[in-house]
Amino acid sequence: MRKTRIFTRFERFWHWTQMALVLLLTLTGFEIHGNYEMFGYENSVRMHNSSAWTFIGLGVISIFYMIISRLYKNFIPTRNNLKEQILYYTSGIFKNETHLTTKTLYNKLNPLQRIVYGGLLIIVFPVQILTGLIYLYYHYPQNPVDVAGLRIAAVAHTLGAFLMVAFILVHIYMTTTGEKITTNIRSMITGFEENQESEIIEDKKQ
Amino acid sequence: MIFQASVLDFETTPNQDRLPPFNNFEPSDSSIFNPGIYRECKNRNLFEMKNFIEKPVTLFLVLVMPLVVLYFTIRTGLHKDEVKPLEYATRATIPAKVDHAQFAILQQEFVNPRDVTAACLSCHNQRDDELMVSSHWTWEREADIPGRGKVTIGKKNLHNNFCTAAEGNNGSCMRCHIGYGWADKSFDFNDPNNIDCLVCHDKTDTYKKIKGGAGWPATAENATKEFPVPDYNFVAQNVGFPDRDNCGVCHFYGGGGNNVKHGDLEEALFSTTRNIDVHMGTDGPNMACVDCHKTERHNIKGRAYSVSSENTNRVSCENCHGDAPHNDIVLDRHNHKLACQTCHIPVYAKVNGTVMYWDWSKAGRRDDNGNPITEYDADHNYSYLSIKGKFVYDNMVKPDYKWFNGTADHFLNEDTISSEPVQINTLFGSYSDPDAKIWPVKIHRGKQPYDPVLKHLLSVKLYAKGKGEDAFWEDLDWDSAIRAGMEYNEREWSGEYDFISTEVYWPLNHMVSPKEETLTCTDCHTRSEKGRLASLRDFYLPGRDYARAADYSGIGIILLSLVGIIGHAAMRIIAFIRNK
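Chains as they are written, first to last, in my numbering: chain A, 1 to 206; chain R, 1 to 580.
Treat the hints with care, since some could be wrong.
[Claimed, not checked] Result set (SDA-like, lysine to any residue): computed pairs, CA atoms no more than 25 Å apart in a straight line:
id : chain 1 : residue 1 : chain 2 : residue 2
1  : R       : K337      : A       : I134
2  : R       : K301      : R       : K225
3  : A       : K95       : R       : A570
4  : R       : K515      : A       : E37
5  : A       : K180      : R       : R491
6  : R       : K530      : A       : K95
7  : A       : K3        : R       : I577
8  : R       : K55       : A       : L58
9  : A       : K83       : R       : M571
10 : R       : K580      : A       : I134
11 : R       : K80       : A       : I56
12 : R       : K225      : R       : K185
13 : R       : K97       : R       : K225
The set of hints was computed from the structure by calculation and includes no laboratory data.
Isolated chain A (complex conformation) (with noise of 0.2 Å):
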């Protein structure tokens, strides 16, 4: 049995914290777009508002902090086992194989995720964050460059929304897929992946 560092201690945090900025946005959102009543919608404006900006702070901070430990490699797609990747969620895991990457700080992430992942970092986060942006301060028609009022930025935020919450319940389902149904979501709490040694030496060999 050997444990490997996988996430450090500020990733953990902004995780857990994205978590929670992105659970509040989601539910506070969708009862301003008039889906249901929950926190009453001038008390959900005003928490969307300041998770927006909150969110955008924690987005600030850890880009900085992926630049200079030059984490933000782990979100960099590649094709590499892409393919045996998808054939492992699609028939393998029933074969009960074992995973094709071993999990560490600089690379913990299989070619699906750094797809996934990179994908809602450079193209659903910055397309939520420009539309919201639009959506608090530029959505009138007198604006020196008109937006059409709110509609395309309110169409496209809507959109990002749905995106997100398809992404959180694959991802956390995605969660139960580890060696046990509860690694991954241990790593993701405590840094470390437990994993058998053999594996280890058997991948570093490879």
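Keeping the supplied structure of chain A fixed, place chain R upon it in accordance with the hints.
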């Protein structure tokens, strides 16, 4: 111990400070974060010590810190600054600066009110010049209307949606003119002594213009108990800034009765509570009309768009409250596109009913004895009058909402009817208009006589002193009343008449409710068809609007994900059982 561990690690791990090269996804044992420390640590005791320390750190990082961030985010979000109370001064309660009773000229024996005016003007010279250019005197003014150009319009020559038109019914309508005796076209608008100073400046509440008197007060010949001859000395010696009694005596009763026209201006405001009107409530600031309708040299600020057209000389809430009165950015930003009135006047006609519908086509019915009929609704408002037709009164009315940029058009005598309902006035504005805001309006609907051949609205002679003078209110005969009205106004009539639906829009400004009763977010930001802005569809309103395609595809993606998750999980469970 921790420190020692690090030192130990530092010594035993090669290339401690070498960062992994770019694009190297190989597992690395060393970095500034020292991930390899535990891997290299063979000392069981030390390892356990690390584990022991790591637990509170983990708790702190993944639970305490996120919750702290979340807590402060929510707290900051929900924080609302207090609204700063506004300083104000009321003008109407200021006593006159001089004691008019001591002026010898006001102690003379007045017989004709024109002599009072002359006495006023002998000291207050040139005030007549100011007054005689004001619309209170002229009942018309030049206006540049988009799409129409310059026209001279006002109460004098416009149609309204109530008693239809003033000119030709002077005896009755011109009672509310600030002059003496505008009984017909011969009235001299250039004679300063025709000005009625007292109706606005009387502080005794005893000065009244008599009904049907074309602006004159009662004389010895026609005085009644309700309208006695004024005590001119008493009145003239007690003059001052107009208070709400002076304004209200005309502006509360326009259209032939209390609150017929405005809906937000009525006799309840003579003395009211802040619950009805936060500004005028005697238990509140107790403001008079002129405290907002600031007046300089007899130019009274404020416009009623039943007769006004231009976005000038208006009173606005912002005059006192500024454009960021809530001390809260979320609410204050609404002011770009919402008039304050929209949220702060949630209902109008809060005390007495106002006329919502007036159908002239039903007028003229008589009972079996040939007498005019009067019927009342459950609230004892008129529901039918032979001389006026059918009414619908309502109180506690939810306003309608319109885009409005402060300019308006009007249906003029020479205009041709092209659509129904005829728009007696048109409020300009749309979402894309930078000057336009959403305003609460009273929409008054009606049916008026019109010329089905020439497609004009008709001028009707309604009022006369007695029968046999072609007045509808006396004879109940449309043909002769229309002929007389059209002749007086020198307009062409085909000889035929019918009735057509009409609409007029009154932006609401008064009877502002206390803040507890303002609209809340979901009064507008709702998908409900009962939402206040359900009919204003030229813009995207969060909470009300959504793109069907986006929402459906979004829900589709979520459902697909769920199906995928459930299917995948099921197959894993099956595989797990089989492999057992």
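Status of the hints after comparison with the structure:
1. Under the criterion of a C-alpha separation no larger than 25 Å, the hint pairing R:K337 with A:I134 is consistent with the structure, at around 16 Å.
2. Straight-line distance between C-alpha atoms of R:K301 and R:K225 comes to about 35 Å, which puts the hinted pair past the 25 Å bound.
3. As the CA atoms of A:K95 and R:A570 are separated by approximately 14 Å, the hinted pair is consistent with the 25 Å bound.
4. A C-alpha spacing of about 23 Å is found between R:K515 and A:E37, which places the hinted pair at or below 25 Å, so the restraint holds.
5. Distance check on the hinted pair: A:K180 and R:R491 sit about 94 Å apart at the alpha-carbon level, beyond 25 Å; violated.
6. Simply put, R:K530 and A:K95 have alpha-carbon atoms about 57 Å apart, too far for the 25 Å limit, and the pair is violated.
7. Distance check on the hinted pair: A:K3 and R:I577 sit about 29 Å apart at the alpha-carbon level, beyond 25 Å; violated.
8. With a C-alpha separation of about 24 Å, the suggested pairing of R:K55 with A:L58 holds against the 25 Å cut-off.
9. Note on A:K83 and R:M571: the hinted pairing holds, with a Cα-Cα distance of about 20 Å set against a maximum of 25 Å.
10. With a CA separation close to 55 Å, the supplied pair R:K580 and A:I134 exceeds the 25 Å bound.
11. A distance of roughly 22 Å separates the Cα atoms of R:K80 and A:I56; the hinted pair therefore holds under the 25 Å criterion.
12. Under the criterion of a C-alpha separation no larger than 25 Å, the hint pairing R:K225 with R:K185 is inconsistent with the structure, at around 30 Å.
13. The straight-line distance between the Cα atoms of R:K97 and R:K225 is roughly 33 Å, outside the 25 Å bound, and the hint therefore fails.
Against the hints set out earlier in the document, violations occur for numbers 2, 5, 6, 7, 10, 12 and 13.
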